[in-house]
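Chains as they are written, first to last, in our numbering: chain B, -17 to 295; chain D, 18 to 318; chain E, 1458 to 1782.
Worth flagging that the hints you see were computed from the coordinates, not collected in a lab. No residue lacks a Cβ here, since even glycine has one placed at the ideal position from N, Cα and C. Check the hints yourself; a few may be wrong.
Restraint ranges, calculated between C-beta atoms of paired labels, are given here [claimed, not checked]: (1) D/Phe133 x E/His1610: 38 to 44 Å; (2) B/Gln60 x D/Leu75: 57 to 63 Å; (3) D/Asp310 x E/Lys1541: 29 to 35 Å.
Covered, in the sense of this in silico footprint (three residues per stretch, anywhere, with C-beta under 8 Å from a C-beta of chain E), are these stretches of chain B [claimed, not checked]: (4) 92 to 100; (5) 150 to 163; (6) 229 to 235.
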Amino acid sequence: MPELIVVENLRKYFPVAAGNVHAVDDVSFTIDEGETLGLVGESGCGKSTTGRLLIRLIEPTSGRILYRGRDMASMDKQELHGLRKEMQIIFQDPFSSIDPRKSIGETIGKPLEIFGMGRKEREETVDALMEKVGLSPRLYYKYPHELDGGRRQRVGIARALSLSPSFIVCDEPVSALDVSIQSQILNLLQELQETMKLTYLFVSHDLSVVKHISDRIAVMYLGKIVESAPSLDLFRNTLHPYSQALLAAVPIPKLNRKRERFILSGGVPSPINPPTGCRFHTRCPWTMDICSQQEPPLTDRGGGHSVACHKVP
Amino acid sequence: MTMSEKTVPASSGSGGALREKRRSPWWEVWRRLRRNKAAVAGMTVVILLLFVAVFAPLIAPYDPNQTNIKIRLQPPSAEHLMGTDNFGRDMFSRVIYGSRISLYVGFIAVGIGAVFGGILGAVGGYYGGRLDNFIMRCMDVLLAIPQIILAIAIVGALGTSLLNLMIAVGISQLPRYARVVRASTLTVRGQEFVEAAKAIGASDTRIILENILPNCMAPIIVQSTLGVAQAILAAATLSFLGLGIQPPTAEWGSMLSSGRQFLRNAPYLTFFPGVAISIVVLALNIFGDGLRDSLDPKLRQ
Amino acid sequence: MKDTLLEIKDLNVIYKTYEGTVAAVNGVDFALDRGKTLGLVGESGAGKTTTALSIMGLVPSPPGIIQRGRVTFAGQDLLTLPEKDMKKIRGNRISMIFQDPMTSLNPVLSVGLQISEALVAHQNLSEAEAERKAAEMLEKVQIPGARYREYPHEFSGGMRQRVVIAMALACNPRLIIADEPTTALDVTIQAQVLELMRSLKEEFATAMIMITHDLGVVGEVCDDVAVMYAGRIVEMGSLDQIFGNAMHPYTLGLFRCIPDIEEESSTIHPIEGLMPEPLDLPKGCPFHPRCPQCMEVCRQVVPEACEDNGHRVLCHLFGGGERRA
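If we strip away everything but chain B, and leave its shape as in the complex, we get (with noise of 0.2 Å):
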């Protein structure tokens, strides 16, 4: 598969009083088209930043992002405001992510509006997006207020369908649903990746989420990818003891479960003043002197497996 988006040396600081946060800082990876990357790590990390900067919600401190071949930063207004049709992004939270004073037709037809269609052209697309992401088309004209959380994440769904984007950033898209519902946008989400051809930039904490929907995962911590690689093999074989913990911390609803205890100690350092080194060397149970000295490269261990650790041979 020919690369989709390829982002070299990426890096976002936002400016407060006490410094720069390190929100992404120096971040490298491609994503294939038609594939899902999952991006996974906790609160802090960055991986929103990175979605984000992906589809040009922010602007990068410095690094190039290349969207089939072309640098991003080389476009002018017109064609980025062009790239909007190709890149979408589908929020966290439901309730706050559409206009609470928009029905529902209005907002999935929004994008439409902006890019020139015509009224009847667009109120009859956003018909057929609705019953694309099982909303009926009865719900045209209800307001956000009006429907639960699990029909408003499919609103957000339509809406970023409605353009036929190739790339869609999809930002913790589950986190806010009940458990139930959970299971149905991601069951939808992957059955329109099939039939629209879509590629995915899949961020989420939740691992077992992002093992069940990506082809390849990278694990970020403190604004770094620490490891990244075939789903599959992520999970057969962690390698960076941050994946390790993060694994072992999932609870699992199963009895009887041998699973080794591995709990991290204290909480992510400011990424204000992230540790020198290796990022993760304040917590990390097996830190060595060279871990706090010397920052580990990231490094692919064969078969696309790459990890950043001093440790792992």
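Once you've looked at the hints, dock chains D and E against the given chain B.
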């Protein structure tokens, strides 16, 4: 297939027929407002007053500017419900006609304040940074001057006329609309649907007009209903000082003003316009309070 | 031999709203033994929190009305207890841990003071004694006692939730109600907090009601599980019974709709349909519109609970001791 509900057989093109009927969020607001007795009473009074203003010629028994020295300063009677003034004009007719100017001034002045203040506040809040700082510091300067003195200064500079009066009162009210709109813009701006609008390629102007301002309507409307009452008072004050409506035009403020010399002998000359102003202000305040409550989404559940 | 601490019988709570009457809790029955942990599982609107608030006597009224039922705690009926006596129980013998550690602490008081406040109020300790005890409690939740005088904003989310736990445990309560205590936390922090709760529960021999939507969390800390749907407990039993031999179609659905992280390839089977409209609960079994095994009787009649060896299920498929379907 993960259909969350039974989808109606596709009949693309005529989807409209299948849709449930359109119901705006304002309908909900009205439903909640209806339960608030005081607010409904306030609203009824306001509507009644608007009715009086529109149909003044049909209601007023006399020409408000018709002078008749023979019947000057008569106390209220069956013939002249509110008595007559020092030129023998029928006070009842003048109060009726006065409602036209007063309400007109009130609503237009608030309109000026709300529209310009709202835009300034939304622009400042949306873009933030230096522009926001500049706009809000200008508003602070305006706020630092007592409203009535500011209005006097503006009318003084522009000259006395009905339009200038409305502009003066409007400008003097501008900062508070700017402030409330800016405050809610800051909240709305942080919501994901604004980000979503950017992601679908909406321009800043479109976002401000279509997403930000409609979501700031609640504070604007509430501020406006209170503002109309204050604008009427401000206009009355200016007229009272001789800077507003010029005689012989009937206006409640100027009627108060000219009646004050006869306060001892003919108190009804000040009493009735005063009562009229009080009723409007009170009705609008109660209505505004109720409207604020029914617009508050927290009370929706 | 039973040593029942808390018993709830036929609890019914409604909320009167403008739109109509919401039946939040419809005949909830359960008992909790001393020192045990019960997991109350369900999705939003299932009535978990309302049940908890009823125990605490904190159902907001209006709009909430406790229509029927008995809540017996250590032999006392809490629902008929005067507010004055309830205050002595709340925070002292029953305490609560809320979901959001950001808002459940007072930002303008030091964390130590917030812990010692309860001790002064309920245990008649002098301020010096309370301060010593509070520092001790902080150590118990693995926060240095020296941080007594720090304010909530100086702590991270996980630390704050530990402070809340220290507060809840300060008076050595018999029962702790934890309402989604780890939902707002990151997974690695959640693992820390769950571990801590597990060890403290042993140490203090406190009974606990753990409200959560996450079956994984239930598996980590609970002895018994009650699954709620639309204001009813649809299935209840020991952890082994529920995790090993779930019977109610809703419980089964809940297990089947979570992706299995331990399987190489996982398929998920969603529970079709929507959560029931709280204002307009379906007739018969509330789960019937979404139930894959729905029968005619399910549409008409609310099922009776049937129990076998402490495993209770509310479903027409089961009854009379044998499986009908």
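*With respect to the beta-carbon atoms only, verify the hint that B/Gln60 and D/Leu75 lie 57 to 63 Å apart.*
With Cβ atoms ~60 Å apart, the hint holds.
*Do D/Asp310 and E/Lys1541 keep their Cβ atoms within the hinted range of 29 to 35 Å?*
For E/Lys1541 against D/Asp310, whose Cβ atoms are near 33 Å apart, the range 29 to 35 Å holds.
*Does the Cβ distance between D/Phe133 and E/His1610 fall inside 38 to 44 Å?*
holds (39 Å)
*Within the stretch 150 to 163 of chain B, is the number of residues with a Cβ closer than 8 Å to a Cβ of chain E three or more?*
It holds, with 4 qualifying residues against the three required.
_Given coverage of the stretch 92 to 100 of chain B by chain E, tested with a Cβ cutoff of 8 Å and a minimum of 3 residues_ = Since three or more residues must qualify, the claim that chain E covers the stretch 92 to 100 of chain B is violated, with 0 doing so at under 8 Å.
*8 Å C-beta test of the stretch 229 to 235 of chain B against chain E, three or more residues*: n = 7 at 8 Å, threshold three: holds.
Checked against the numbered hints above, the structure violates only hint 4.
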